[in-house]
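Taken in sequence, the protein lines are chains A and B.
Position one of the first sequence corresponds to residue 1 (the working numbering), numbered consecutively onward.
Position one of the second sequence corresponds to residue 1 (the working numbering), numbered consecutively onward.
Keep in mind that a hint or two might mislead.
Here are the in silico distance ranges between beta carbons for each label pair [what the hints assert, rightly or not]:
no.	chain 1	residue 1	chain 2	residue 2	range
1	B	Leu166	A	Glu185	30 to 36 angstroms
2	A	Leu190	B	Ala159	23 to 29 angstroms
3	A	Thr162	B	Gly162	49 to 55 angstroms
4	B	Leu186	A	Glu185	33 to 39 angstroms
5	B	Thr76	A	Glu219	51 to 57 angstroms
6	A	Glu183	B	Ile160	30 to 36 angstroms
The hints are simulated quantities; they were obtained by calculation from the structure and are not laboratory data.
Glycine included, C-beta positions come from ideal geometry on N, C-alpha and C.
This is what each chain is made of:
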Amino acid sequence: MKDILTIIIRLTISCMLAATVMGAAFLVTNKAKKHNEHVNEQRVRYALLGYSQEKPIPESMTLHEIYRYIVSDENSQSIGYLLPGKDGLIFVTIDMAGKIVENKPVQIDEAKVREKEERDKVVREIVGGGKDVSFADQTIVVTENGKRKAYLLDGKFTGFKTFIGVMLALDPQFSLLGLEILEHEEDPGLGAEIEQNYFRNQFKGKSFENLKALDVVKEPMPDAYFQALEGNVAESDAAAILKQYVDHDIYALTGATISSRAVSNGVKGIAKKFAYRLNILDTVLTDEKIAVAF
Amino acid sequence: MANDKSSMQLISRGILSENPIFKLALSMCPAVGISTTVMNGFMLGVAVLFVQVFSSVTISLFKNKIHPRIRIPTYTLTIATWVTVIDLALAAYMPEAYAKMGIFVKLIVAFAIITMRLEMFACKESAPDSFWDGLGMGLGFLIGMMVIGLVRELLGSGAILGYDVLGFKPLLFFILPSAGFFVVGLMMAFFNWIELVYKQAKGMK
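When you get a sec, could you build the whole thing from the sequences and use the hints?
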């Protein structure tokens with residue numbers, strides 16, 4: 001009996017000591033981790049727009065973040081957008097028929113907007129009691145000298161195993177500028193090949209018309225196309241080869257047709273929905289003469 | 001059992017005569033799984049070195065307080081704590097390396113070599129001796145991983161530390177996990193042969 005008690009006490013103390021050490025390590029490293037994640041996110045965004053460390057993004061370009069919320073109460077649902085207005089953030093709510101419900105200014109620090117919890121709290125306060133607010137997604141509008149240059153969309157859809165998280169870049173005509181796979185758990189060597197350039201880059205340059213009818217074909221990929229997608233060919237030649245295949249459907253990965261189809265359909269869905277939503281938002285903004293930063 | 005070896009002897013024992021990979025054949029799973037390049041081997045080696053040294057010293061400091069019936073759970077708890085610490089640190093400060101070997105870092109908790117050193121050495125000896133022993137074993141593992149990584153990277157992708165030295169890829173097979181077993185096996189034979197030759201030469205005199 002005495003043994004059991006000492007064992008219990010000592011194990012409890014060891015666990016508490018261990019927890020203290022781990023907690024301290026977490027506190028020390030957490031800030032650096034958050035910073036790294038932010039830097040990485042920025043890098044992915046710039047890479048999609050064709051910029052990198054060697055080729056920094058020009059000063060004239062700005063990234064505006066739009067957060068989409070779903071506001072619902074017992075008998076109605078509406079969509080709320082947290083937008084950068086001409087002076088400060090605004091929260092615009094649009095009902096299902098595409099009519100504006102309200103437009104309110106938002107008081108929140110720039111840094112706090114990025115923290116999901118802080119942002120959600122502020123949005124909840126603005127919407128008012130009795131309504132349920134849930135975060136849907138985030139879009140970035142890239143402008144150059146005040147003109148829209150590109151859109152960056154976050155998206156998630158089901159793959160072969162679990163969710164596949166992607167980021168897309170679209171130009172103002174909704175043609176695809178690039179696709180980046182952020183997270184996935186597909187099988188290594190099969191579905192995980194969706195990360196590879198020769199698969200991802202197939203989406204590059206597809207116009208909105210192409211995207212809407214995008215399908216996957218189970219055919220071997222021509223070698224010239226493969227080399228061009230992988231970037232093994234001189235740039236001028238590669239452009240010609242890529243152009244030749246721009247209207248072609250996506251070549252499925254060998255042994256991973258489901259993953260390939262999932263990505264293709266996912267990208268198609270994200271682009272189509274975004275184009276539809278943006279159209280409504282733009283109509284409302286011009287009709288109501290709401291000035292925004294993008 | 002008092003320890004009669006000096007610090008240098010403890011270190012060299014870990015690296016040579018009781019090398020965890022080539023002599024004790026412990027923790028083979030990571031040795032085979034991650035040693036595809038020198039850099040990967042080095043990173044995991046450093047993580048193991050850190051965990052081994054800290055765990056050895058911790059256990060040796062608290063050896064009188066550990067109830068003999070629950071010593072293995074206590075060891076596991078200690079190792080898990082230090083693994084979590086280095087896991088957090090790597091994730092925060094070296095995200096690129098972490099993305100590649102994150103899962104193996106968490107597996108360090110189950111590495112036989114660390115538990116074995118705690119059970120065989122740290123729970124009986126003083127803290128400084130445990131430190132040297134842990135350092136020796138950690139270095140032995142680190143060097144072993146780097147040597148295997150060197151062979152596999154050179155033969156598999158024709159490069160060393162990511163720099164292309166051969167200009168072609170001799171045998172892609174060496175990158176695959178199964179080749180890890182071959183390389184470790186051949187290395188073991190090589191180490192044993194050296195020891196044999198060394199002993200014979202000594203005996204001749």
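Now the hints, each set against the structure:
1. At about 35 angstroms, the CB distance of B/Leu166 to A/Glu185 agrees with the hint of 30 to 36 angstroms.
2. Judged by the Cβ atoms, the range 23 to 29 angstroms given for A/Leu190 and B/Ala159 holds: they are separated by roughly 26 angstroms.
3. At about 31 angstroms, the CB distance of A/Thr162 to B/Gly162 disagrees with the hint of 49 to 55 angstroms.
4. At about 35 angstroms, the beta-carbon gap between B/Leu186 and A/Glu185 stays in the expected band of 33 to 39 angstroms.
5. Taken as a hint, the range 51 to 57 angstroms holds for the pair B/Thr76 and A/Glu219, whose Cβ atoms sit roughly 53 angstroms apart.
6. The hinted range of 30 to 36 angstroms is satisfied by A/Glu183 and B/Ile160, whose Cβ atoms lie roughly 32 angstroms apart.
The structure is inconsistent with hint 3 alone, although it conforms to all the rest.
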